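Residue numbers (this note's numbering), protein chains in the order written: chain S, 479 to 884; chain P, 479 to 884.
These are computed hints drawn from the structure, not numbers from a lab. Any given hint could turn out to be false.
Identical copies carry no separate label here, and so any pair may be met within one copy or between two of them.
[Stated by the list, open to error] Derived pair list, reagent style SDA-like, types lysine to any residue, alpha-carbon separation capped at 20 Å:
1. LYS485 <-> PRO615
2. LYS806 <-> MET794
3. LYS503 <-> GLN749
4. LYS806 <-> ARG869
5. LYS485 <-> LEU639
6. LYS806 <-> GLN785
7. LYS485 <-> VAL745
8. LYS637 <-> THR598
9. LYS485 <-> PRO739
10. LYS806 <-> TYR690
11. LYS485 <-> THR598
12. LYS876 <-> GLU865
13. LYS485 <-> VAL673
14. LYS503 <-> GLN545
15. LYS806 <-> LEU789
The structure presented is a predicted model; accordingly, all values stated were derived computationally and were not measured.
Number of protein chains: 2
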Amino acid sequence: MVNWNDKFAERTAYMKRSTIREILKLTQRPEVISFAGGLPAPELFPLERVQAAARAVLEQRGQQALQYSTTEGCDELRDWVAARLSRGGLTITRDNVLIVSGAQQAIDLVGRVLLDDGDTVVLENPTYLGMLAAWRPYNLHYSVIPTDADGLLVDRLDKVLVRRPKLIYLVPNFQNPQGITLSWERREQLVECLVEYGAVVIEDNPYGELRYSGSHIPSLYEFDASCRGSRSLDGHVIYAGTFSKILAPGLRLGWVAAPTPVIEKLVQAKQGADLQSGTLSQLVAYETCKDGFIEEHIERLRAVYRQRRDLMLAAMEEFFPQEARWSKPEGGLFLMVSLPEFLDASDLLKEAINRQVAFVPGQDFHVEGGYNTFRLNFSNAQPAQIEEGIRRLGRLLKDVVVRQPV
Amino acid sequence: MVNWNDKFAERTAYMKRSTIREILKLTQRPEVISFAGGLPAPELFPLERVQAAARAVLEQRGQQALQYSTTEGCDELRDWVAARLSRGGLTITRDNVLIVSGAQQAIDLVGRVLLDDGDTVVLENPTYLGMLAAWRPYNLHYSVIPTDADGLLVDRLDKVLVRRPKLIYLVPNFQNPQGITLSWERREQLVECLVEYGAVVIEDNPYGELRYSGSHIPSLYEFDASCRGSRSLDGHVIYAGTFSKILAPGLRLGWVAAPTPVIEKLVQAKQGADLQSGTLSQLVAYETCKDGFIEEHIERLRAVYRQRRDLMLAAMEEFFPQEARWSKPEGGLFLMVSLPEFLDASDLLKEAINRQVAFVPGQDFHVEGGYNTFRLNFSNAQPAQIEEGIRRLGRLLKDVVVRQPV
Numbered sequence: 479m480v481n482w483n484d485k486f487a488e489r490t491a492y493m494k495r496s497t498i499r500e501i502l503k504l505t506q507r508p509e510v511i512s513f514a515g516g517l518p519a520p521e522l523f524p525l526e527r528v529q530a531a532a533r534a535v536l537e538q539r540g541q542q543a544l545q546y547s548t549t550e551g552c553d554e555l556r557d558w559v560a561a562r563l564s565r566g567g568l569t570i571t572r573d574n575v576l577i578v579s580g581a582q583q584a585i586d587l588v589g590r591v592l593l594d595d596g597d598t599v600v601l602e603n604p605t606y607l608g609m610l611a612a613w614r615p616y617n618l619h620y621s622v623i624p625t626d627a628d629g630l631l632v633d634r635l636d637k638v639l640v641r642r643p644k645l646i647y648l649v650p651n652f653q654n655p656q657g658i659t660l661s662w663e664r665r666e667q668l669v670e671c672l673v674e675y676g677a678v679v680i681e682d683n684p685y686g687e688l689r690y691s692g693s694h695i696p697s698l699y700e701f702d703a704s705c706r707g708s709r710s711l712d713g714h715v716i717y718a719g720t721f722s723k724i725l726a727p728g729l730r731l732g733w734v735a736a737p738t739p740v741i742e743k744l745v746q747a748k749q750g751a752d753l754q755s756g757t758l759s760q761l762v763a764y765e766t767c768k769d770g771f772i773e774e775h776i777e778r779l780r781a782v783y784r785q786r787r788d789l790m791l792a793a794m795e796e797f798f799p800q801e802a803r804w805s806k807p808e809g810g811l812f813l814m815v816s817l818p819e820f821l822d823a824s825d826l827l828k829e830a831i832n833r834q835v836a837f838v839p840g841q842d843f844h845v846e847g848g849y850n851t852f853r854l855n856f857s858n859a860q861p862a863q864i865e866e867g868i869r870r871l872g873r874l875l876k877d878v879v880v881r882q883p884v
Numbered sequence: 479m480v481n482w483n484d485k486f487a488e489r490t491a492y493m494k495r496s497t498i499r500e501i502l503k504l505t506q507r508p509e510v511i512s513f514a515g516g517l518p519a520p521e522l523f524p525l526e527r528v529q530a531a532a533r534a535v536l537e538q539r540g541q542q543a544l545q546y547s548t549t550e551g552c553d554e555l556r557d558w559v560a561a562r563l564s565r566g567g568l569t570i571t572r573d574n575v576l577i578v579s580g581a582q583q584a585i586d587l588v589g590r591v592l593l594d595d596g597d598t599v600v601l602e603n604p605t606y607l608g609m610l611a612a613w614r615p616y617n618l619h620y621s622v623i624p625t626d627a628d629g630l631l632v633d634r635l636d637k638v639l640v641r642r643p644k645l646i647y648l649v650p651n652f653q654n655p656q657g658i659t660l661s662w663e664r665r666e667q668l669v670e671c672l673v674e675y676g677a678v679v680i681e682d683n684p685y686g687e688l689r690y691s692g693s694h695i696p697s698l699y700e701f702d703a704s705c706r707g708s709r710s711l712d713g714h715v716i717y718a719g720t721f722s723k724i725l726a727p728g729l730r731l732g733w734v735a736a737p738t739p740v741i742e743k744l745v746q747a748k749q750g751a752d753l754q755s756g757t758l759s760q761l762v763a764y765e766t767c768k769d770g771f772i773e774e775h776i777e778r779l780r781a782v783y784r785q786r787r788d789l790m791l792a793a794m795e796e797f798f799p800q801e802a803r804w805s806k807p808e809g810g811l812f813l814m815v816s817l818p819e820f821l822d823a824s825d826l827l828k829e830a831i832n833r834q835v836a837f838v839p840g841q842d843f844h845v846e847g848g849y850n851t852f853r854l855n856f857s858n859a860q861p862a863q864i865e866e867g868i869r870r871l872g873r874l875l876k877d878v879v880v881r882q883p884v
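Bound conformation, chain S alone (with noise of 0.2 Å):
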């Protein structure tokens, strides 16, 4: 017999069932109303024009939509991508685009390309799970920064960048956990910094273009142009972006926008991966999104994901209580509450499946801490769901704070 456990790579140690994950199988009950998941509302996938997509590519051109090609990507869709990337002046072209299979692939291979066992990182706490996960092999050792409502302290960098960190993650739009977004001003700040230090920063950006209030802030790129007097994307910014949030996540595609030598080497990591993302997906894709059409859904998501985010804050204000605190997004999917200290939200997610609802412990998120901190997902639910479930989150909260220790 074949003994796994010896045979298992040393660096996959770290892998194991996670209980979470086995508590969160349980929010898949129809009786369970979960603000667990992080999925776009599905009755909002434009499903008549991708079906009138698909039956087009498969007619005018099926051939070449089911073999194999480049694997940078599809040349339409890599000048579409470009295109709508070049905002504020910037020229951005094909050869600074790679189509890939999702944000979670671009972060996998940026990790592939940039970063060797024990390299240093430096993250906003709290951060993006998938990324945690996608590097976790190699071993890194993480310069942690706060984040408040503007998003990190960017003021606290200056201190890590001398010891040149191999890289900064950063979610600037509504991110994953919070909600929040890195202000104008400390976008600017960030920038100049990268600039003195010549330092790198992955801007994953999956959910920028949901704004559902306050206004458009530019892009970590564009900043970064700005701040080198530059037109072109060869500065130190490598962005992320992805269809799964604006179109359809089941089409698996995203895409890296970076300067030339970057989109060089994660070309070749992306060959030794998968070699290439599906082409029928993007062509599927390319002839979605194209006319302007993906614009004009973007702008019936942001009316219904408003709405959504509305109706959970002001529940939230109703039903919680006055011990919980949460952030107030501007767009994306989620936001974040925190609990009084003494409260761990592991313990009390089992409380909540009783009751019939659910949240993401905010604890996996966290490099440090957070184990007093839950999200919940705004998107996926039906206002009647939106409200009732907020009412059983918060006779729940309110129980247990009651609770407390003298």
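The hints should help you fit chain P onto chain S, whose structure is shown.
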């Protein structure tokens, strides 16, 4: 400015622009008859069936098709793969199957969960280029075993297995690049070795269903189960298969079938890599293949590819100089030519492209040697092209063989 050369991970120093890749770009010129690719024939894609499948999936369960699904893959596709692999009295279940983005990702994920820096891996020489690329970051030691017309020289395995390598990688059927197949006797012998040493083999089988002559030989996992007197897959074989050669590579779908502890680890690795393979692609693949369609379709592929293989072999017989030797594959997409040792196939390629015919030099497939070999693909060329291309190549070979040094 960022100094990217300082930033890139040391592990990626091997990633350079390949001169061969650059030369092969020239083969895309329409006047060049290329036997260099590894593409299935696009005119054989079952376009109408895929169209009908896409229509049915999007009409009947469009929301599901466009939404996130589980990392493991869609249930019906996993069940279908499991049932299809349950041969020879074996019972393979959904829990033994992970859906991946092509067999290339199977190789990559297996590397992630099994390989540590400096591990030893047993390979046949030559072997699949894409495996060498995917696993290069691990700085592996290769125990290289030669092949003959019956595949790996299995009687040399004992000597390397005593040193407990992490795993063995094999393409037992119609191997890329040689087209050779591991014989029945050697499979029995190999599996006895596995059981004796508790060793593990990756059975990479993209071409196994494309047999044009000779008799079917069961898979290594079947020999393994039979040798262990078991009806389960929980043995010594990790099996990788793909839809790329039997249906369409543009869907980017394959599968791993393995003992459940391996599948569980692979699922966690895949979660970090890309969360899941495309939901739409998976449902379209299932809907296309089901009810026995794929078996009929494979019969059609076999008939056409058989003819192309026969045509190429006959043309080689007619036009190639007697100094050249080549494999006579019973299936798959490739065959391999060996030239007298004073010839370097990489040098020949430039001259071949001048004469408007192309191949892939064999050196990159070899861990050692092989500079005097090249690979020909026969699946993706029309009969007239095969004859004319082999005629051009034969003329070139005769010219250079005559120039031989005294």
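We went through each hint and held it up to the structure:
no., hint, result
1, LYS485 <-> PRO615, "both (16 Å within a copy, 18 Å between copies)"
2, LYS806 <-> MET794, "within (11 Å within a copy, 72 Å between copies)"
3, LYS503 <-> GLN749, "between (34 Å within a copy, 16 Å between copies)"
4, LYS806 <-> ARG869, "within (18 Å within a copy, 72 Å between copies)"
5, LYS485 <-> LEU639, "between (39 Å within a copy, 14 Å between copies)"
6, LYS806 <-> GLN785, "within (14 Å within a copy, 67 Å between copies)"
7, LYS485 <-> VAL745, "between (30 Å within a copy, 16 Å between copies)"
8, LYS637 <-> THR598, "within (13 Å within a copy, 42 Å between copies)"
9, LYS485 <-> PRO739, "between (36 Å within a copy, 11 Å between copies)"
10, LYS806 <-> TYR690, "within (11 Å within a copy, 64 Å between copies)"
11, LYS485 <-> THR598, "between (29 Å within a copy, 12 Å between copies)"
12, LYS876 <-> GLU865, "within (16 Å within a copy, 81 Å between copies)"
13, LYS485 <-> VAL673, "between (45 Å within a copy, 15 Å between copies)"
14, LYS503 <-> GLN545, "between (37 Å within a copy, 17 Å between copies)"
15, LYS806 <-> LEU789, "within (12 Å within a copy, 69 Å between copies)"
The structure shown violates none of the earlier numbered hints.
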